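A.B. asks: Residue numbers (my numbering), protein chains in the order written: chain A, 1 to 263; chain B, 1 to 200.
Quick caveat, the hints were computed from the structure, so don't treat them as lab data. Note that the structure is a prediction, hence the values are computed from the model and not measured. Careful: at least some of the hints might be erroneous.
Computed footprint of chain A on chain B, listed as stretches where at least three residues anywhere in the stretch have a Cβ under 8 Å from a Cβ of chain A [what the hints assert, rightly or not]:
{"no.": "1", "stretch": "17 to 27"}
{"no.": "2", "stretch": "184 to 195"}
Now the in silico label distances, taken between C-beta atoms and shown as ranges [claimed, not checked]:
{"no.": "3", "chain 1": "A", "residue 1": "G230", "chain 2": "B", "residue 2": "A121", "range": "22 to 28 Å"}
{"no.": "4", "chain 1": "A", "residue 1": "A227", "chain 2": "B", "residue 2": "A121", "range": "45 to 51 Å"}
{"no.": "5", "chain 1": "A", "residue 1": "G230", "chain 2": "B", "residue 2": "M1", "range": "28 to 34 Å"}
Heads up, incomplete: computed chain B residues facing chain A, CB under 10 Å, no partners named [what the hints assert, rightly or not]:
{"no.": "6", "residue": "P30"}
{"no.": "7", "residue": "H54"}
{"no.": "8", "residue": "G113"}
{"no.": "9", "residue": "T116"}
{"no.": "10", "residue": "E127"}
{"no.": "11", "residue": "F134"}
{"no.": "12", "residue": "L139"}
{"no.": "13", "residue": "W165"}
{"no.": "14", "residue": "V167"}
Even glycine gets a Cβ: it sits at the ideal position worked out from N, Cα and C.
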Amino acid sequence: MGFAMRARLFWRSFFIQSLWSFENMQGLGFGFCVEPWLRERCGGSPQEELAALARNCEQFNTQPYMAGLVAGMACSLEESAAAASPEDRSAIVGRLRTLKTSAAGALAAIGDAFFWGAWRPFCAALAVASGMVGIFLGAQPGAVVLAAAGCYVLAYGAPVLALRWMGLGLGYRWGERFAQELARFHWQKLIRAARGAGLGLALGCAGIGIFSIMSSASLVRGVVVAAAVGGGWAARAYGLSSRRLYGAVWLIGTVAAAAGWRW
Amino acid sequence: MLAAGAVAAAELDSTLAFQLMVSRPIVLGPLLGLALGNPLVGAFVGLVVELLSHDKIPIGGLIPANATVSAGAGLLLALGPGAVAIPVAVPAGLFLGWLHERAVDSPLRRRRGRVTLEIAARLGRGEPVLLGGFVARELFVQFAANLALLAAALVVMKPLGALAWEVLAETPLGSGLWAAVLIAPWFGAGMLAHSLRLSR
Numbered sequence: 001m002g003f004a005m006r007a008r009l010f011w012r013s014f015f016i017q018s019l020w021s022f023e024n025m026q027g028l029g030f031g032f033c034v035e036p037w038l039r040e041r042c043g044g045s046p047q048e049e050l051a052a053l054a055r056n057c058e059q060f061n062t063q064p065y066m067a068g069l070v071a072g073m074a075c076s077l078e079e080s081a082a083a084a085s086p087e088d089r090s091a092i093v094g095r096l097r098t099l100k101t102s103a104a105g106a107l108a109a110i111g112d113a114f115f116w117g118a119w120r121p122f123c124a125a126l127a128v129a130s131g132m133v134g135i136f137l138g139a140q141p142g143a144v145v146l147a148a149a150g151c152y153v154l155a156y157g158a159p160v161l162a163l164r165w166m167g168l169g170l171g172y173r174w175g176e177r178f179a180q181e182l183a184r185f186h187w188q189k190l191i192r193a194a195r196g197a198g199l200g201l202a203l204g205c206a207g208i209g210i211f212s213i214m215s216s217a218s219l220v221r222g223v224v225v226a227a228a229v230g231g232g233w234a235a236r237a238y239g240l241s242s243r244r245l246y247g248a249v250w251l252i253g254t255v256a257a258a259a260g261w262r263w
Numbered sequence: 001m002l003a004a005g006a007v008a009a010a011e012l013d014s015t016l017a018f019q020l021m022v023s024r025p026i027v028l029g030p031l032l033g034l035a036l037g038n039p040l041v042g043a044f045v046g047l048v049v050e051l052l053s054h055d056k057i058p059i060g061g062l063i064p065a066n067a068t069v070s071a072g073a074g075l076l077l078a079l080g081p082g083a084v085a086i087p088v089a090v091p092a093g094l095f096l097g098w099l100h101e102r103a104v105d106s107p108l109r110r111r112r113g114r115v116t117l118e119i120a121a122r123l124g125r126g127e128p129v130l131l132g133g134f135v136a137r138e139l140f141v142q143f144a145a146n147l148a149l150l151a152a153a154l155v156v157m158k159p160l161g162a163l164a165w166e167v168l169a170e171t172p173l174g175s176g177l178w179a180a181v182l183i184a185p186w187f188g189a190g191m192l193a194h195s196l197r198l199s200r
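Just chain A, same shape as in the assembly (with noise of 0.2 Å):
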């Protein structure tokens, strides 16, 4: 695949959610993200690049930045259906269809693990850090806000861009071999360890913007933020929503103002 072909799909890898339907998750955004490849490589004649694009249209989901590495070896199998007889090309288009099926599958379970549940917290958790950092050095508060803000989106975006672009490659590169390529990535590792980071930074920065509560402002304070802390992992693990604990804390702090509690 070449560098323009690639930065075409990857441009429109960007894209693959914005056609989401219930009906169809990102089929049309991913028909949309392969279509100049199909164009380029299997446009023997418009029926059969409608009919590639028709394919490659159909229902599909995974997470959204896996999505480059099915995109990637769709592209592939396609190339060598373009390629191959008309008998082997029906043999082709099915192994293509079950093969994005279980890939899509497997992707979300990877992808949704990764980003959404261990890498999106912990870069929250580290541009809190670097803010508290900067404060803690004496940086200008405005200058802290934006610099975290930055931290958060280069720590989120570099990897996600790398595996968009990269994704393409891959995928064009292992085709059948998909699958076994991907069961050589040590997944589950590196979800424990950036679960783990992130953790650590979470409560890192609570421990210490409890401590600086309690020696700068009053020891009960500190206690009531350390409450509060605790109050918001029990509210989760039983399945409290944001909300409600919004309104709980709202209730809470307008009885204890009533009683004479000074905020």
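Fit chain B to the known structure of chain A by using the hints.
C.D. replies: Same frame as chain A, now just chain B:
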């Protein structure tokens, strides 16, 4: 209104396009705050909404309350002309994020279902389909719906929020609102730590 347009455009990044997370409250908050003249308030509101919504993500068929709209609307209310007090602006933003899910996200997904059927029918008939045109149209529709909701919220909720705070500020209910917004980052931190626990 320009800032509302920026929030409406940033919202596209949350699900429909890019997903580079510039739409996340922790990023949008300071940037919008800077544009509206106070990056610190922006960072605070962004942090509160981020911590309360970090594990609510639109995976598959799930449509959670929209965190971008929550943070964006909260900040548009809290900063600029006719600003509303932060203890009112934050819960109002959270409410608008929930309203966005009901009034914009869900209906537009159903609309895209009809678009899907239309495209599938055309492909089935062997008619050429310009997918890029559909993508651009759906992005524009989402942007316009986002902007309409945010503009309506600003027109209705700015005077209402200011009036509510005038009445509540010196009462225990007002103190409770302050307590909720000041404690929210801390229980949000507990929620964040829980979502990162290793025994999951």
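A.B. asks: Each hint: holds or not?
C.D. replies: Outcome of the hint check:
For the stretch 17 to 27 of chain B, the assignment as covered by chain A holds, since 9 residues bring a beta-carbon within under 8 Å of that chain's beta-carbons and 3 suffice. Closer than 8 Å: that is the beta-carbon criterion, and the stretch 184 to 195 of chain B has 11 residues meeting it against chain A, so the requirement of 3 holds. The hint said 22 to 28 Å for the Cβ distance between A/G230 and B/A121, and at roughly 55 Å that hint is violated. Judged by the Cβ atoms, the range 45 to 51 Å given for A/A227 and B/A121 is violated: they are separated by roughly 58 Å.
Between A/G230 and B/M1 the Cβ separation comes to about 43 Å, which falls outside the hinted range of 28 to 34 Å. Nearest Cβ of chain A to the Cβ of B/P30: about 4 Å, under the 10 Å cut. The hint holds. Given the 10 Å rule on beta carbons, the hint for B/H54 holds: about 5 Å separates it from the nearest Cβ of chain A. A distance limit of 10 Å between C-beta atoms decides the matter here; for B/G113 the minimum to chain A is near 4 Å, and the interface restraint holds.
Against a cut-off of 10 Å between C-beta atoms, the interface hint on B/T116 holds, since the closest Cβ of chain A lies about 4 Å away. Hint status for B/E127: holds, given a least beta-carbon distance of 8 Å to chain A, under 10 Å. Hint status for B/F134: holds, given a least beta-carbon distance of 6 Å to chain A, under 10 Å. Given the 10 Å rule on beta carbons, the hint for B/L139 holds: about 6 Å separates it from the nearest Cβ of chain A.
Contact between B/W165 and chain A, as hinted, is not supported at the beta carbon level, the nearest pair being about 14 Å apart and thus beyond 10 Å. Because the closest C-beta pair between B/V167 and chain A is about 14 Å apart, greater than 10 Å, the hint is violated.
Hint check: violations occur at hints 3, 4, 5, 13 and 14; the rest are consistent with the structure.
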